[in-house]
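These protein sequence lines map, in sequence, to chains D and V.
Residues are numbered in the working numbering as their position in the first sequence, beginning at 1, plus a constant of 2.
Residues are numbered in the working numbering as their position in the second sequence, beginning at 1, plus a constant of 6.
No lab work stands behind these hints: they were computed from the structure.
Treat the hints with care, as some may be off.
Below, a list of computed lysine to aspartate or glutamate pairs in the EDC-like style, where the Cα atoms sit at most 16 Å apart [as the list claims (entries may be wrong)]:
1) V:Lys135 / V:Asp100
2) V:Lys195 / V:Glu181
3) V:Lys135 / D:Glu268
4) V:Lys124 / V:Glu106
5) V:Lys186 / V:Asp95
6) V:Lys195 / V:Asp176
7) D:Lys85 / V:Glu106
8) V:Lys139 / V:Asp100
9) V:Lys139 / D:Glu169
10) V:Lys124 / D:Asp84
11) V:Lys183 / V:Asp95
12) V:Lys124 / D:Asp82
13) D:Lys91 / D:Glu265
14) V:Lys148 / V:Asp100
15) D:Lys91 / D:Glu78
One-sided and incomplete, this derived list gives chain V residues near chain D with beta-carbon spacing under 10 Å [to be verified]:
16) His127
17) Cys130
18) Thr131
19) Lys135
20) Cys153
21) Gly157
22) Ser158
23) Thr168
24) Gly169
25) Ala200
Where a beta carbon is used, it is the ideal one built from N, C-alpha and C, also for glycine.
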Amino acid sequence: MASERPLTGNSAPGPAGERRQAIAAAVRREGPASLKEQAERLVYTWPHLVIIEFIAAMLMLLSLIVMSWVVNAPLEGHADADKTPNPSKAPWYFLNLQELLLHMHPALAGVIVPGAVVFMLLPAIPYLDRDQRDVGKWFGTPNAVRIAIFTAIFTSIVIPIEIFFDEFVGVKPLLASLASMTGLEFLNDILFNGIILPMILMLGPIPVLLGLLRLRYKLDNVRDVMIALFTGFVVAYFLLTIVGTFFRGQGMHLYWPTDPRMERIE
Amino acid sequence: MADTQRKQGLFHPGDGLAAEAVGGVRVVGEGTGQPGARGVSRRLVFRWLGWGTILGLLAQWTLGIVLGFFWPKKVGAFGGIVNVGSVADFQVGDVRVVREGKFYLSRVPEGFVALWWKCPHLGCTVPWKPDDKSEDSMGNGKGRFNCPCHGSIYDRYGQIITGPAPRPMDLFPVEVKDGKILVSTGPSKAVQRAQALHGPPHVTPA
Ligand code: FES
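Here chain V stands alone, though its shape is the one from the complex:
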C-alpha cells in the first residue's frame, strides 16, 4: 500500500520514477504493483495525459494565433498585375475603383493614373466622392477624393489639395498594351512623389 500511495512524477518528483515514465511506459495496476517494482502507476499516466492535453491545446492556440499573423493573406490579385479593361471604356474625368488592386484608375486628359487608395497620411482607405465639389476641371465640377480620417482632399491626379497628408496619393505603374490597361499593384510597386505633375512620367498616355 505504501508503494502505490507514494507521490510520483510530474509535480511530485523525487522518487526517480518520473524519469522512467518518459521512456518505456509500463503500466502497473494499483493492486498488482510489487513493492519496489519498476513501473508507472495508472495515476502517473493519467497525470501525464491530462497535463499533456492542456499543454498541447495551449501550443495549438499559440501556434495558430501567432503564426496566423505571419501567414500572408492573398486578397484578390493585390500584389500582381491587374487588367483593368480597355482604354476605350474610359472617358476623361472617369474614376473607377478597382477593388482587387486596391486602387482607383483615373482618366485624365493626359492619360491614366492609378492611385493606390491608401492615404499617404496615416493609411486610411480614401473613398472617391463623385458628388462632392471637384478640385480639377473635369467631371462637370464634381468628384474628388476625401479621406474620412483627417479630411485630406485630393483631385483626379491624386494631388493633395488640402488637409494634413504630406504628399499626393501614391501611384501604381500603369502600362497600356494593345488597348488594355495593365496596372502593377502591391506596396512595393507604389511610387511616392513629392508633387503631382500633369503629364508624364506621372501620367501614362492612353
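Isolated chain D, as found in the complex:
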C-alpha cells in the first residue's frame, strides 16, 4: 500500500519503517547532546508555557468583561406556551443547525448530519489521510491554498443557490406539483422530499467539486481531497451561521438585515 501512495517518494516499507529510519538518521547526524546543550535547548513548562497560558486567560477574561459591558443581554419576560416568539432563534452558534432544520426532515438535520460530521467524518480524516509527511503543517501540499480557495468559492456559490431555491421555489411545493403532474405519489412522501432529495442536494455538489478540482489541479493525493472537503465543511458551516443570524426574519423567511421584518415579535 505504502509504496503505491503517490506522495511517498522513498521505498520505505511503511510509516513505521519510515519513522524508525528517520529517528536513526537524526541520531547519527546529531549524536548525543552534551548536558550544556540540553540545558540550552530545554524549555520548561514553568515559567515559559504557564506564563503564556496565564496571559491568554487574562486576555480572555478581559475581553469577556468588555463584551458583557458593551453587549446587552437582558432577561426576557415569562415564557408563554400559547405564543412562540416570531422568529424563534437558537443561540447564534446553533443557527447553522437551525438553518439546516429549515430545509429537511428533523431527524436528518438534527441528528444524522451533525452526528455523521462529528462522530464519523471528522474523526475519519487521519485514518484516510495516512501520509506522515508535513503532518501538522497547514496547507502542506503544493496546491493546497489554491484548492482551499477554489473550494471556498464553490461552496459560497452552491449553498446560497440551494437556500434561495428552497426559499423561493421550495422543495416541497415543487415535488407536490411534480407528483400531481406525473402521478408519482412517492415524490410527495416525507421520505423522499424530507430525506432522500435533501441528501442528494447536500452530497451531490461534492463529486462535482472533486471533479472540477481534478480537472484544474490534478488532485492526486488524499491530503488534497481532505483539504477540499474540510474547507467545504468549514465554509458551509459559517455560511449557514451567517444566513441564520442575519438573514432570517419573521416566519423564518429570508430578509435583508435592514428589513423591519427582521424584528422579533413576542
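Go by the hints and put chain V with the ligand onto chain D.
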C-alpha cells in the same frame, strides 16, 4: 466540667449520647449536669434543632420543586371538550383561534377542521397569519399558518405547503351537535395524518 465539655451527638458521636438524644429528650442544664447522668445537654438540642431546620428546609425545597413538576397544571379546558360556538357564526375561510383548547377552528367549504396549534415539526406554537398570502382558494388570497421556528407553512386544512414539518398539522375530532361545534382536545385526542384530505374523514361536515 469535663462532662459538660465533652463533645456529643450529631457530628460528634462516640460517647453514646447521640442515640439517646433521639429518644426521650431530657435537657440537662450545663451547670446541673451530674457526672455520668443520663441526658442531653442544651448544646445537643440546639445542634439538632439547627441541623433539623436546615434539612427540613432542603426537603421542603426539593419536594416543592421536584414534585411541582409532576403536578398536572390544568390550563383552561385543554384536555376536555370545548364548545366553540354555533355553526352559523362561521363563514367559509374563517379561522378562529380557540385559546382554551389550544387549536384553530377552520371553516373550509367541506365543513370544519380543528387544528392543534402545536407544530408537528418540533412543537412550536404555530400562529395564524391573516395577512400573509393564502395557500388555498379561500380568504380572498390571504391567510395561512407560518411557524416561527423553522418556517413551515400550512393552509386552512393544515396541509403542509413548505418547510420541514414531516406531516400536516394534527387534528382534534370535531362534532357538530344541534348546531353547536364541539371539539375534543388534549394530546391523546390528537389525530395524526399523513396527508391532509379535502373532505371526510378529516373534515367534519357542517
Ligand atoms: S417547530 Fe414549526 S417548523 Fe419547526
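How the hints compare with the structure:
1. V:Lys135 / V:Asp100: Distance of about 12 Å is within 16 Å: holds.
2. V:Lys195 / V:Glu181: holds (13 Å)
3. V:Lys135 / D:Glu268: holds (14 Å)
4. V:Lys124 / V:Glu106: holds (13 Å)
5. V:Lys186 / V:Asp95: Roughly 10 Å between the alpha carbons, so the hint for Lys186 (chain V) and Asp95 (chain V) holds.
6. V:Lys195 / V:Asp176: Roughly 10 Å separates the two Cα atoms, so the pair holds.
7. D:Lys85 / V:Glu106: holds (13 Å)
8. V:Lys139 / V:Asp100: Holds - the C-alpha atoms of Asp100 (chain V) and Lys139 (chain V) are around 15 Å apart, at most 16 Å.
9. V:Lys139 / D:Glu169: Satisfied, since the Cα-Cα distance of roughly 15 Å is no more than 16 Å.
10. V:Lys124 / D:Asp84: Holds, at about 9 Å.
11. V:Lys183 / V:Asp95: holds (14 Å)
12. V:Lys124 / D:Asp82: Holds. Lys124 (chain V) to Asp82 (chain D) sits at ~13 Å (cutoff 16 Å).
13. D:Lys91 / D:Glu265: holds (12 Å)
14. V:Lys148 / V:Asp100: holds (11 Å)
15. D:Lys91 / D:Glu78: holds (14 Å)
16. His127: Since chain D brings a Cβ to about 6 Å from His127 (chain V), closer than 10 Å, the hint holds.
17. Cys130: holds (4 Å)
18. Thr131: With a closest approach of 4 Å, the Thr131 (chain V) hint holds.
19. Lys135: Cβ of Lys135 (chain V) sits 7 Å from chain D, so the hint holds.
20. Cys153: Since the shortest Cβ distance to chain D is 8 Å, the answer is holds.
21. Gly157: holds (3 Å)
22. Ser158: Holds, about 9 Å.
23. Thr168: Hint on Thr168 (chain V): holds, closest Cβ of chain D at ~4 Å, below 10 Å.
24. Gly169: Hint holds; Gly169 (chain V) Cβ to chain D Cβ min 7 Å, cut 10 Å.
25. Ala200: Holds. Min distance 8 Å.
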